[in-house]
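Trainee: Chain Z is fixed; fit chain A onto it per the hints.
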Amino acid sequence: MTDRRRFEQQVLPHIDAAFNLARWLTRNDHDAEDVVQDAMLRAYRHFESLRGEARPWLLAIVRNACFSWIQRNRPAEVAAGLDGDAAEAATPPADGPEALLARELDRRMLNKAIAALPLQFREVLILRELEDLSYREIARIADVPIGTVMSRLARARRLLTESVRVITLASRLQTEK
Amino acid sequence: MKPEEAARLLHAYVDRELDAAKSLELEAQLAADPALRERFERLRELSAGIREKADYHAAPSSLVARLNAVLPGAGSDAAPRRASRWILPVAAAALVAALALGIALVRPGDEETLAREMVASHVRSTLGDRLIDVASSDQHTVKPWLSARLPFSPPVADFSPEGFELAGARLDYVGGRPVAVLVYKRRQHLIDVFIWPGSGPSDGAYSRDGFNVERSSAEGMRISLVSDLNRNELSDLARLLTARR
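Protein chains in written order, with the numbering used here: chain Z, 1 to 177; chain A, 1 to 245.
For reference, chain Z alone in the conformation it holds in the complex (with noise of 0.2 Å):
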């Protein structure tokens, strides 16, 4: 078998887990179409270093390719979210509340609040929640230790809550006026 033939059977078929990581990294159409473009052309480079499942590696190499991407575009994004990590290693979890009832997540607003998350704890939460993968897979993927793993995606959770709820009563506030 060729190596395209191998490659359209086992990595092609991951285009959407990487197009939907890219999306939302990017937050944009246009430049997670090039982003996975560019990365899927790596990963064929890259082919024969594939061992285990697919689709890890293929994120990870989405993953660096939108980071590369970000650097380049809107590095400020980059380096905005990094400091969260020392602040919440510094401090143990607050005991406020996680969430605000699920049920009354409202599917646009809650897209908006993912999209508003800064990108390192996007990213887990998107991994995690999206792909459905360990946080061992994640670790790998975003070239961190799995401790940061957690405690980015603890603090991805709170701020999450935290924007749905201030979205939800400023368009509550809206309605009322």
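Please keep in mind that the hints were generated in silico from the structure rather than gathered at the bench. Values in this document were obtained by computation on a predicted structure and should not be read as measured data. Just so it is clear, CB atoms sit at the ideal spot from N, CA and C, and this is done for glycine as well. Take the hints with a grain of salt, since some may be wrong.
[As the list claims (entries may be wrong)] In silico contact screen, one side only, chain A against chain Z (beta carbon under 10 Å); selected entries:
| # | residue |
| --- | --- |
| 1 | Arg-8 |
| 2 | His-11 |
| 3 | Leu-43 |
| 4 | His-57 |
| 5 | Ala-58 |
| 6 | Ala-59 |
| 7 | Leu-63 |
| 8 | Arg-66 |
| 9 | Asn-68 |
| 10 | Val-70 |
| 11 | Tyr-206 |
| 12 | Asn-212 |
| 13 | Asn-232 |
Mentor: Below, chain A without anything else, positioned relative to chain Z:
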């Protein structure tokens, strides 16, 4: 289990990442602590809510079409086989020349052994303290030190501006010959760069025992990188090393 620890482990429990012993411990705590139970329920609901309601962006068909056109080696006429047109004749010519000259071709088995030796060297050096014989980020210190001890003069450069800091070098013995090993740092990762004179047909990247190995050559030197650093960044360093001459 202390309340703070229970709160910390709640996420891991929701994510089914807690081992059996800790899960049992936490479950006992959940049964005894209604407030903790409440947090757990909300956390689980949030997770379920995201999975159910967050957009999953499937790849547009235009992207799939574009990829089909640009990926090399397609069966269709749309993608020309750029590489294969000249690789075959060149490889055939090289084979004939090698046979004619009686040169032993490098067998895949030798490559495998080399990769294993280099990974072993990398692991040994990170376990013990013999990582670096000459510790310096100054190429003008490292290069003469290596040249004085080897029958060749390896290229040495610091790539701190690009994020690969030269930490020093050591000598090693790989594939039956003395070699130079440059040691670079990137974040918490160490990268060993094995250099010896020679050229080979065996450029490429692969993984061994959780380490990435990338092999290339430039200006008559074989350059092999070994690290637990991710493959993309390792390739970046490989490109820097082969371009700078």
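Trainee: Compare the structure with each hint and give your call.
Mentor: Do the hints match the structure? See the list:
1. Arg-8: holds (6 Å)
2. His-11: holds (5 Å)
3. Leu-43: At about 5 Å, which falls below the 10 Å cut-off, the nearest Cβ of chain Z leaves the hint on Leu-43 of chain A intact, so it holds.
4. His-57: His-57 of chain A check passes; min Cβ-Cβ to chain Z is 4 Å, inside 10 Å.
5. Ala-58: Result: holds, 5 Å to nearest chain Z Cβ.
6. Ala-59: Cβ of Ala-59 of chain A sits 4 Å from chain Z, so the hint holds.
7. Leu-63: holds (5 Å)
8. Arg-66: It holds, given that the least Cβ distance between Arg-66 of chain A and chain Z is near 6 Å, below 10 Å.
9. Asn-68: It holds, given that the least Cβ distance between Asn-68 of chain A and chain Z is near 9 Å, below 10 Å.
10. Val-70: The hint holds - Val-70 of chain A has a Cβ within 10 Å of chain Z, the shortest such distance being about 7 Å.
11. Tyr-206: This interface hint holds because 6 Å falls under the 10 Å limit.
12. Asn-212: holds (7 Å)
13. Asn-232: Result: holds, 5 Å to nearest chain Z Cβ.
The structure is consistent with each of the numbered hints, conforming to all of them.
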